[in-house]
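Got chain G; can you put chain Y on it based on the hints?
Just so you know, the protein sequences line up as chains G and Y, in that order. Using the working numbering, you'd call the opening residue of the first sequence number 1 and step up by one each time. Using the working numbering, you'd call the opening residue of the second sequence number 1001 and step up by one each time.
Everything labelled a hint here was simulated from the structure, so no lab data went into it.
Below, a list of computed lysine to any residue pairs in the SDA-like style, where the Cα atoms sit at most 20 angstroms apart:
id	chain 1	residue 1	chain 2	residue 2
1	G	Lys439	Y	Asp1015
2	Y	Lys1138	G	Phe90
3	G	Lys439	Y	Leu1053
4	G	Lys376	Y	Arg1062
5	G	Lys376	Y	Ala1077
6	Y	Lys1138	G	Ser88
7	G	Lys376	Y	Leu1054
8	G	Lys439	Y	Leu1054
9	G	Lys376	Y	Ala1070
10	G	Lys376	Y	His1066
11	Y	Lys1138	G	Ala87
12	G	Lys376	Y	His1152
13	Y	Lys1109	G	Gly297
14	Y	Lys1141	G	Leu368
15	Y	Lys1141	G	Asp366
16	Y	Lys1109	G	Arg295
17	G	Lys376	Y	Asp1106
18	G	Lys376	Y	Glu1110
19	Y	Lys1141	Y	Ala1121
20	G	Lys376	Y	Pro1154
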Amino acid sequence: MGRTLALFTYKLRFFFGPSLRGRFGPLAYAALILIFIPSSVAIGITMGATLRSMDTAQSVGLLSTPLAGLLSLGLLYSLGRGVTAHASEFDFFMTARVRPREYLAADLLFQFVSLIAAGGLAAGVAALAMVLSVGRPVIAAVPLFAVLITYTFFVLMTSQVLVVLRVRYPKAPVRAATVVLLILSLLPAIGFARPGFPLAFEGLPIPPTAFASLGVSILRAEPLSTAELATAIAYAGAVGLVWAVLSDTYIFHGIRPTLSAGWGQVDLGSRMEMQRRMTARLGRVTTRVRLRTDRGGDTGLMARLHLIRIWRDGSVLFVVLFGVIAILPAGLSGAGPSGTAAITVTQTLTFLLGILAMNWAFYERDNLWIVLTSAKGSGAYFRGLMIGLAAIGMGTTAAFLAILAVTHAVALPIEMLALPVVSPVAAAFVATALLTRVKLKPSAFSFAALGIFFLVSIGGFLGGLTAQAAVTAAGAALGVAAFAQAAVLGAFLAGFLGFGLWAVTRLAASFHL
Amino acid sequence: MALAIDIEQLWKSYDGQAALQGLSLQAYEGEIVGLIGPNGAGKTTTLKILVGLLRPDYGVVRVNGHDVLADPVAYKADIGYMPEAPTLPEYLTPAEFLGYVGRIRDLPKERIAARTSELLAFLDLAPKADETIASLSKGMKAKIAFAAAILHEPRTLILDEPLIGIDPAGQHRLKDRLMSIARAGGTVLVSTHQLDTAERLCKRVAIIHHGRNVATGDLAALRAQAHIDEAESLEEIFLRLTEEAQIPPVEAPRRRSWFRRS
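Next comes chain G alone, as it looks inside the complex (with noise of 0.2 angstroms):
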């Protein structure tokens, strides 16, 4: 217990402890906890509006989503690392005198505790919204929360134990079992989407489930369904049971380091390992695709560079994972295109340019040396990388329009449209000045790193609600048809992205590392 307890506090301290020393103490962290309130607030009175006018079983459908979900972001971090490991910890911890099963537990108690302190309140606000909402007393939100807290904790452990697995066997298909566990985990959800979909989570005898209808049973202060809490016990039992059974099992030598605070990347010498693996059978797709330094001008091969870099470092998987969540829900959707999907695009490639400019102040800026002792300025370089951001943003949204115009044959109105398409350039340029100012210290969460994050985001909404309402007055104040609309939008679009390029290579010329 005594060497769980100090890898535990270790890993506390290495990931926390430098925001915490830092300028702005845990107030990073106290804003990271609390700009998540409101929405908290917002979803849990709206999932109990919904639960009010809702029957049992649709009920349990409504609860199991977000499950679902929590499930497979679980399954999906076995499928890359599943533990929290820091090179460091190779280096003086695993060669020590540690038991597999005391480094898994700390492992285990780390991830449970830095989930709770990040999602933790956020949770709980919206359990308590939730309860408030279908008319029920404060003190229901409390068993409401700890089933959640169960069912974070069953994940968790779950996650762990795919990956003890994968090292123990080896040669066992342990990832494609994964896989096809966390594709029927998703499966039902479609049934939201498309209500003609056979399979709905209502019925189904699995972890999700069987946890939504422990909630609902509190919500509706109706006595727990025996099956389903033997089936929510079953399941945190048998995979506390196999937890136990093979936490001793020694996987040291199948873990790779991955505890940093950037989104999506790891080491990159095992992240290309992986990818080499994983792209093997494609035809080495990332070496495939090559920087050409021979051809065209500095920013565009800069601009080359930054995308080759995301391509290459695994970035390009967050970029996948961002895209498929922005377009898929407009694409699958009953309804035809509105506002609110483009907001949602919008939204989520803004949210995708902010953990890009993270990524890329965590990663990517140190080798900045190599253009700062040049007698070449560093103006190219971040006119690249502001068009490498930019370019993504724009394929997303390009993806998103072309997902509409197949599965409902329409385009959207140069309005609509025009959020999504100045927005990514927008949101660019914010992250290209912003990274030309601000220092964020590798493997350290910080006010400056959540800073980025919001302000992409921000700035990326702001360009574009500018972009919309140039283009909405000119249709209202001019009376002019939407092909002169969309010369506005053009126009716009140019002018903000020949602004945002001569503003970077302003604020490049005083860039130092």
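Quick look at chain Y alone, frame taken from chain G:
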């Protein structure tokens, strides 16, 4: 011989902690000058100021006649730099990286491929040309950083611990290349902890301690300054001179004005 690197009265502190205390140093065309000193002596700080990655608090730095503080960009066309622990874009292949550096260093596009191939072959990295840098060993990465430093054939090379992690054959090749650069009239300023290497490779050696240059010269001059006989190695000279130089820190001069150059 013309003066290639001229550092006078260089001062630099980090958060009030003095790193350089009036360091002066000269290096001439056609010579390899070694910088040796204990950890924290100020060697890396000096080199980073020379290549424009740090601003000094006070002092004059000239490279090939250019005042690097007055015009901090143009002189870089003639320098090559290899940092102590180079961070490289690991997502690129060595060929791509050198091509990228070639573009940044204004190497003509049509020469990039030939020069890259030549250097990769010279450093025994040709078989790894199309693998990502992430998959290479530490020594191979160091060789790539060295190739990037000499890619554009600069007049002045500034190298911070260039031999760390490189195998003996590779070290031999690198040293040969450095000597040929010096023979061709180039200047090499190299920081190293490998005293035997410094002794054999460098024409002159500067011993840096507590942010000051406590002795510069060839081996004979350093022996004379340390008052030790001819049989003693550079290691003995180094130990003697750094022991003697345990001087209390001196008050730094006023920080240079933002508006007026002193």
